[in-house]
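Residue numbers (numbering that gives the first Met the number 0), protein chains in the order written: chain D, 0 to 289; chain F, 0 to 800; chain B, 0 to 157.
Each hint should be verified, as a subset may be incorrect.
[As the list claims (entries may be wrong)] Looking from chain B toward chain F, a few residues come up when the C-beta cut is under 8 angstroms (computed):
| no. | residue |
| --- | --- |
| 1 | L17 |
| 2 | L32 |
| 3 | K34 |
| 4 | L98 |
| 5 | Q141 |
Honestly, the hints are just simulated from the structure, not real lab data. From the three backbone atoms N, C-alpha and C, an ideal C-beta is built for every residue, glycine too.
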Amino acid sequence: MIPPEFEYHRPETIDQALVLLTQHGEEAKILAGGHSLLPLMKLRFAEPAHLVDLNFIESLRGIKESNGLIEIAAMTTESQLITSPLLLDKCPLIPDAASQIADPQVRSRGTIGGDIVHADPGNDHPAIMLALEASFVILGSNGERIVPASGFFLGAFDTQLEENEILKAIQVPVSVAGSGHAYCKLKRKTGDFATAASAVSLVVEGGVCKKINIALTNVGATALKAEAAESILTGQTLSDLLMEKAVEKAMAICDPAEDLRGDREYKIHMAGEMTRRAIREAFAKATGGG
Amino acid sequence: MASTPEDKQRKENLAGIGCARKRKEDPRFIQGKGHYVDDIKLPDMVYGALVRSPYAHARIKGINKDAALALPGVLTVLTADDLKPLKLHWMPTLAGDVQAVLADEKVCFQQQEVAMVIATDRYIAADAVELVEVDYEELPALVDPHQAMVDDAPVIREDLVGKDEAGQGKRIHDNHIFSWEVGDKSKTDATFKKAAVTVKEEMLNQRVHPCPLETCGCVASFDKVNGHLTVHITSQAPHIVRTVVSMLSGIAESKVRIISPDIGGGFGNKVGIYPGYVVAIVASIVLGQPVKWIESRIENLSSTAFARDYHMVGELAADKNGLIQAMRVNVLADHGAFNSHAQPTKWPAGLFSICTGSYDIPVAYARVDGVYTNKAPGGVAYRCSFRVTEAVYVIERMIDVLAKKLAIDPAEIRRRNFIKADQFPYQSALGWSYDSGNYPAALDKVLEAVDYEGLRKEQAEKRARGELMGIGLSTFTEIVGAGPSKACDVLGVGMFESCEIRVHPTGSVIARIGTISQGQGHQTTYAQIIASELGIPSDQIQIEEGDTDTVPYGLGTYGSRSTPVGGAAAATAARKIRDKARKIAAHLLDVSEQDLEWDIDRFRVEGAPDQVKTMKDIAWAAYNNVPDGLEMGLESVNYYDPPNFTFPFGAYLCVVDIDKYTGETKVRRFYALDDCGTRINPMIIEGQIHGGLTEAFAVAMEQQLVFDESGSIHGNSLMDYFLPTFVETPVWETDYTVTPSPHHPLGAKGVAESPHVGGIPCFSNAVNDAFSHLDIKHINMPHSAFRVWKTIHAQGLDKRT
Amino acid sequence: MAKKHISFTLNRQNIDVLVEPRELLIHVIREQLQKTGSHIGCETSHCGACTLDLNGQSVKACTVLAVQAEGGEVLTVEGLLQNDKLHPLQEAFMQEHGLQCGFCTPGMLMRAYRFLQENPQPTEAEIRSGMAGNLCRCTGYQNIIKAVQTAAKNMASA
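All chains should be built: construct the whole structure from the sequences, respecting the hints.
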């Protein structure tokens with residue numbers, strides 16, 4: 000379990016990092032927390048000739064708020080997400096989800112940006128991003144572009160991020176009055192990916208669900224947005240009947256691969272069950288019951 | 000003699016048997032000063048790494064080492080062809096079979112050892128492994144043991160074709176290894192025919208791995224000048240390794256030194272002798288340099304020493320009151336590609352015949368057939384005595400199956416069938432003589448502690464509400480402490496244990512014992528035994544193990560044999576010293592030996608309490624003033640050949656709540672009562688029970704080595720293989736009774752494996768019990784959320800109305 | 000590949016070593032610097048036997064490159080002892096029988112060391128989740144939890 004040889008680069012600015020990425024093209028890989036990439040390299044499934052380590056770029060750390068948006072720099076670690084007073088106050092779904100990822104040591108290295116960009120179907124942040132309607136601030140040699148989370152994930156380990164681009168930050172809207180969130184994740188044990196998980200973000204006004212986002216983890220090639228399920232509940236008061244209809248719609252979009260966590264049937268049902276629990280929990284929080 | 004406060008103080012000063020003494024091992028471990036194999040760094044040491052097969056079954060058409068050898072830093076690449084001139088490409092197994100050291104013309108399991116690269120550092124060795132080109136021709140793989148003996152099954156062991164035996168009796172098919180049977184078949188069959196009630200169930204003890212936190216490895220160092228070979232190795236049985244290495248290499252046993260330093264957990268994984276060790280030794284002999292080989296975790300889980308893989312059919316015959324009249328068990332045992340299970344040599348199915356358990360079953364029969372498959376070899380005892388977990392599982396599950404059929408409470412049916420306290424020593428139908436026990440007392444204590452009636456009431460209420468709650472019982476009996484040499488040997492060496500004790504003139508002691516601790520705290524507990532026997536404080540007693548140059552021959556630590564056999568050797572050796580000390584004391588006090596009585600830490604003259612000689616006085620005198628005709632010095636050696644095994648037992652109870660929408664099982668309560676006879680260190684006993692229960696929990700709930708149809712192993716890293724963390728692990732409650740073993744010098748029986756052996760059926764019974772109101776007789780382990788949910792879903796229990 | 004000079008502090012001492020970029024921090028600490036207290040159990044960042052403190056955080060050193068420690072502060076179990084005095088956690092692990100084979104112990108201690116700074120008075124549930132990145136095969140964790148509680152108590156009253 001020894002990684003192959005590579006050249007190590009330690010840029011101190013994003014510009015330096017971009018130059019390195021352009022220079023080395025597909026031979027280069029970005030090193031963020033390293034907890035996905037280094038194991039792959041040890042197994043020799045990945046053999047990049049150049050590693051560009053973003054850990055020492057100050058501008059890629061930190062969480063701030065401006066104009067109703069929270070901006071989380073991409074190299075912010077899971078531990079920093081969990082303890083951020085700003086997020087706990089204004090976007091609690093992210094710390095909630097982050098605390099369900101891996102274990103304390105892994106969370107002190109693992110970053111939100113790395114989790115998103117690596118786009119492993121088992122990673123948790125992609126679904127959270129979909130549920131929060133996040134946007135990604137992406138820097139390339141041609142400048143900055145902002146891409147919505149919706150549509151960003153193209154397939155397993157595949158996103159709209161180009162080879163010579165860097166995810167700089169994640170923007171999420173500040174949660175409004177009457178909103179509730181939940182991330183329900185079923186896993187076999189600490190450190191495991193989800194068997195299935197569901198992220199829910201909703202807004203309730205006078206008992207009516209004004210808006211709801213539902214996104215699922217690890218039951219398809221990418222995180223899945225359960226739009227049909229959302230439309231069942233939008234504009235409605237929550238009832239058992241509607242809940243079951245929505246859950247059914249969420250299950251219908253799942254296309255998981257069988258593995259040691261379970262077969263397709265189980266995973267689809269668990270996606271449904273996690274969705275049911277997440278909706279209930281988010282609703283309770285929105286209405287002051289959670 | 001009345002015990003005075005002063006006597007009590009003297010006794011406490013010894014910190015002997017019964018004392019919850021703090022461990023002597025701990026100061027080095029908590030300061031990072033443990034000394035494990037991978038910590039060893041010798042001058043000129045080089046590193047070995049194995050090239051392994053990606054296929055489960057394939058012919059090797061060629062191996063090209065050129066690219067690997069061209070890499071700077073690579074010293075050599077060894078393959079079977081390089082070992083052939085030394086006749087070391089195959090090696091004997093402990094089970095009478097042979098195993099390829101490096102694959103000879105074909106590979107028989109995925110990850111089999113094909114070549115070893117030796118390089119100046121482990122990074123270069125890892126790179127070179129990638130550069131060795133092996134040309135394979137894939138063959139059909141045999142994965143399902145039930146298909147092993149069909150007519151057109153692929154033949155795995157071409158080296159054995161035409162041979163009607165593979166070291167353990169007659170075989171009837173190219174993929175058959177042995178048949179082993181015990182008991183009275185015709186009487187058993189006849190009892191089944193006329194029985195009022197019979198039950199029969201197929202059940203699997205799935206293939207698992209002991210997975211100690213430290214993987215296997217060694218540093219082999221051959222000194223070409225004086226012809227000495229020293230091997231630091233992760234071995235639970237260093238003397239056996241020495242004998243085997245000497246036999247294989249031709250180096251005199253006296254010039255082979257095997258050292259087991261600190262070992263990061265064993266649990267049976269480190270009993271075997273693995274190809275990696277052998278090739279590292281050969282490489283060191285060839286190169287004249289020390290060679291280190293350390294497994295990765297993936298290699299560990301894929302290639303060294305799995306456990307279980309017993310496909311069992313259990314049957315009980317009973318009368319209508321649930322009194323068991325006969326038991327019958329048939330087992331298909333998947334031993335993988337080579338029969339390298341670690342059992343006493345004459346016991347192809349280990350001590351499986353303990354399967355009649357704690358119950359007075361008049362007649363029984365068991366048969367085990369071993370077969371080859373394209374999987375890693377092994378079949379070790381994972382935190383248990385040989386095949387005892389499998390045996391205890393089948394009886395403890397079957398008695399619940401019988402209870403359900405007769406609608407008798409599982410506690411009640413056990414009580415009706417228990418061997419009674421006055422039946423000991425008890426002769427079992429399958430040939431064992433149980434030393435001692437009091438099973439009803441243990442069960443009653445547990446039932447009362449947990450309010451069993453109350454739990455059953457709660458369960459009924461929950462069932463009425465559609466909730467799933469299970470209560471599992473396990474009232475197990477183990478057989479440990481292998482073993483009497485008339486019954487047990489390893490490659491012809493009897494399974495005695497040894498202890499050498501030296502008392503120095505100033506009264507401190509060094510004792511050397513042939514076992515080897517892997518976390519059990521031998522340095523602490525052996526000293527306590529000797530302290531109580533010799534009247535010398537345990538802090539003055541230094542325990543050494545694991546170095547074959549200094550320690551007398553011993554068979555090692557596995558199968559709970561350290562206390563039953565090693566502890567007996569220590570006590571017996573100490574008693575020899577005390578006998579000599581008595582002679583010296585009599586001489587010093589000028590009285591006859593018969594006039595002396597032993598008093599904690601001294602001899603005193605009977606009737607003259609002031610006339611005493613302490614062991615400290617006697618130790619000094621042993622080196623300057625002994626009676627005529629007596630040798631100077633105060634030393635002894637004992638090779639203890641136990642008259643019988645010991646039979647620890649216990650009563651466990653587990654309460655689970657199952658989430659019917661996810662299949663997750665929550666262990667709400669686990670109450671473990673153990674009876675290991677005399678208790679030497681209660682703190683260490685409790686720690687062993689916590690650990691064993693946690694391993695049992697892992698096996699019952701989630702552990703499994705999974706293979707696909709091509710024989711590829713899945714889940715062979717800690718991403719998938721279930722080692723419970725702090726979060727998953729339940730809280731354990733412990734309790735005890737004390738029923739000493741009548742034949743052990745101290746009355747002790749051994750304890751560390753009971754929680755694993757007794758725990759697994761307890762968890763499994765609890766999960767099964769959650770479904771006992773439904774038409775489900777048995778659900779196989781592991782009881783993972785996924786598998787439990789499949790049961791729930793098939794029954795429609797997760798429907799929302 | 001060209002080796003690089005890196006410097007960092009290890010247990011409060013300045014260190015300067017020459018490493019390949021691909022060398023893992025755990026290998027450099029154990030082999031070049033011969034601090035063998037931190038162990039390797041899984042190599043995939045699951046077992047936590049290699050846990051040490053890097054810049055005030057618990058990390059699994061099997062999944063950190065040595066070059067990433069450049070300029071940093073590393074503390075291993077060998078650095079817990081100060082002025083010949085054991086850390087209260089070390090005392091508590093002995094007191095509560097929080098170890099058996101000892102292989103996971105250095106990683107456990109280093110995680111507990113950082114954890115008690117993050118949360119000086121943890122509940123049992125908080126200990127369980129805060130220590131969830133460290134596997135032990137011997138103890139069943141119960142006595143480790145006790146040890147962390149004992150240490151927390153002793154540190155609070157010190």
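Now for the hints, and whether the structure bears them out:
| no. | hint | verdict |
| --- | --- | --- |
| 1 | L17 | violated (13 angstroms) |
| 2 | L32 | violated (12 angstroms) |
| 3 | K34 | holds (7 angstroms) |
| 4 | L98 | holds (6 angstroms) |
| 5 | Q141 | holds (5 angstroms) |
Hints 1, 2 from the earlier list are contradicted by this structure; the remaining hints agree with it.
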